[in-house]
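Protein chains in written order, with this note's numbering: chain A, 2 to 274; chain B, 6 to 264.
Because the hints were derived from the structure by calculation, they are not lab data.
Remember, it's a predicted structure, so these values are computed and weren't measured experimentally.
The beta-carbon is built from N, C-alpha and C at its ideal position, and this holds for glycine as well.
Errors might be hidden in some of the hints.
[Said to hold, decoys possible] If you only want the chain A side, here are some residues facing chain B, beta carbon under 8 Å, derived: (1) Ser16; (2) Val33; (3) Ser109; (4) Phe116; (5) Arg185; (6) Asp213.
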Amino acid sequence: MSIARQISRRIGRVSHFSHHRNWENYRDLLIVLLQKELKVRYNNKALGYIWSIANPLASALVYFIAFKILMRLNVPDYPLVLISGVFPWQWFSNAVGASTNIFVGNASIIKKVNFPRNIVPLCMVSNHMIHFLASIPVIVLFLFMFGRAPSLAWSYGIPLLLMVHFGMAYGIALGLASINLFFRDLERLTAIVLNFTFYLTPILYPVDLIPDHLRHLIVLNPAAPLIIAWRQLFLYGTFNWPYLFVCAGYAALFLTIGTLIYRKLSWKFAEVI
Amino acid sequence: MREPVISFYNVSKSYPLYGHIRGIKNFLFNFPHSLTNMKREQYEALRDISFEIYEGENFGIIGNNGAGKSTTLGLIAGVLRPTKGRVIVRRRVSPLLALGAGFHAELTGRENVELNGVLMGLTRREIRRKMDEIIEFSELGDFVNRPIRVYSSGMLARLGFSVVAHLDPEILLIDEVLGVGDIRFQKKCLDKMMTFKDSGVTMVLVTHSVASVINICDRAMWIDNHRVRMLGDPTEIVEAYCQAANVPINTNAVNKASL
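Sequences are here, hints too, so could you generate the full structure?
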C-alpha cells in the first residue's frame, strides 16, 4: 500500500488491504446465487417451469374472461394483446415488487459478511429475466395459434429491449431495496404504486384505445413505452426505435439514482438491519 | 517487529437510533423533528478504542452483553464504519457465521459449501479444490447430498465450521458459535484452531466462555462499558473480569481441564 493512499484516507474509515475480490469471485458469486434461486425453484424441473409460466398465463386468462367475455371489449386478437403485455409486465413488477424485501431478507449475511450487496438485487432481476425468457416460447405458441409468426426484428429487438428492461428494473430495485432498510413501510407504498402503474400502462388494453388528447402523456409512465415496445415486437414484428430510446433514458436515470442511493446508504446497512 | 494485521486507532462508533423513523409516513409527518432527533439521539457502542492484533494470534474479546463486542467484530469484518478513528485490516476476513446464516435451507450441504465460499470471497475453483476435505472434516457422510433443512443444529454447526476452517482463512472471526457440536467435535475444532496458529491464521474470538479464552487465546481484551478495560494476558483478564462480575472462578482448574 502506498503512503499517499494511507494519508489520503479520511478519519472514520475502514481500510481493508490485501483483500480485493477479483473479477472471478464476482462472477462466481453471481452464478452461485442464481443457481441457488433456480435450483430452489426448479427442484422438480417440469413442475417448476409450469409454475413460472402458470402465473402470468392465469392472469391473462382472468383478464380475458373479465374484459372480452364479460365486458365485451372490442379488440381484435385480444388474447395475443394480453399475453404480449402481461409476460413482460410480470418480469418488471415481480422484480420491483420483490426488491423491497431482498436486503431485509438477507439480514444475517449482510450483518456479518462484507460482500458486494448490490449483487443480491442484480441476481434477483436476472432471475426474473430468466423466467421471462423461458416464457417466450409460450408467446410464440400463441402467435402460431393466431396465424402469426416471429419476425426478423426479434433478433435485435429482444436483446435491446432485454437490456433496457433489465437496466430499469435493476436501477429501481437497487434504490428501493436500499431505502426499504430505513423506511420499512416502503414495501406497502411500492405495492400501491405498482398497482397504479399496472392500470396506467397499456397492458390490458392496446395503446390506440387511449384517447388522443391523453396519448402523448403515456411516455411519462416509465413502464408504458417498455410494454408498448415489447408488444409491438411480439405482435407485429416491428421494432419501436423511439420508445427504445425513451426506455434507455429511463434506464440510465434509474440506474444513476439507484446507484447513488445504494452508494450513500450501503455502509449503513449493517447498522439498521 | 511483527506487523499488526488488525489495528484500531482511537475508534469510536455510534449508531443513530433509527427506532423513531419507523416508516416514511411518520418520518414525513414530522420531518424537521425527525431530522434533529436522528442527529441528537445516538447510541455510543464504542468509545475511543485502540488495540492491535498481530499475525497468527488467537485474540479473545470478553465483556458483558451490549458492551460493544459484536460492534468490534463488525468493524473488523468491514460491514460497519467507525464514526471516528481508523480501522486497518491487512488480511482477508472470514467470519464464522451463526447457525445456518449464509446457508439456504433447500440446498444440499455440498451446494451450501459453495454458496458460503463465494460469499467469503473465494472462487468456485478454489472451493471445489477444498470440497472433499471440507466434507470429510464435517463428518456429515451421506447427509452432504441432502438439503440442510433436515440437518440437526449440531450438523449445521459442523458444516459451518468446516467451511470457514478450510477455505484458507487469514483472519477468522468467531462470535460465540462454538458451543453447539458434541464434545468430540468441539475437541476437533479446538485442534484445528491450534493448527491455525502454525499456519499464521489470525483468530478473533468473541465469547462468554472464559474457559475457551484461557485455553485458546494468546491475548485477550476486556471491553467494558464501550471502552477497553484491560488488554493482555488471558488468565489475568479472565480473573479480573470474573471478579468484577462477582463470579468466582478457579483458573487453575480451567487450565487443567484443557490438558
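Status of each hint after checking the structure:
1. Ser16: holds, 5 Å
2. Val33: holds, 5 Å
3. Ser109: Where the cut-off is 8 Å and the nearest Cβ of chain B is about 4 Å from serine 109(A), the hint holds.
4. Phe116: Holds. Min distance 5 Å.
5. Arg185: holds, 6 Å
6. Asp213: violated, 37 Å
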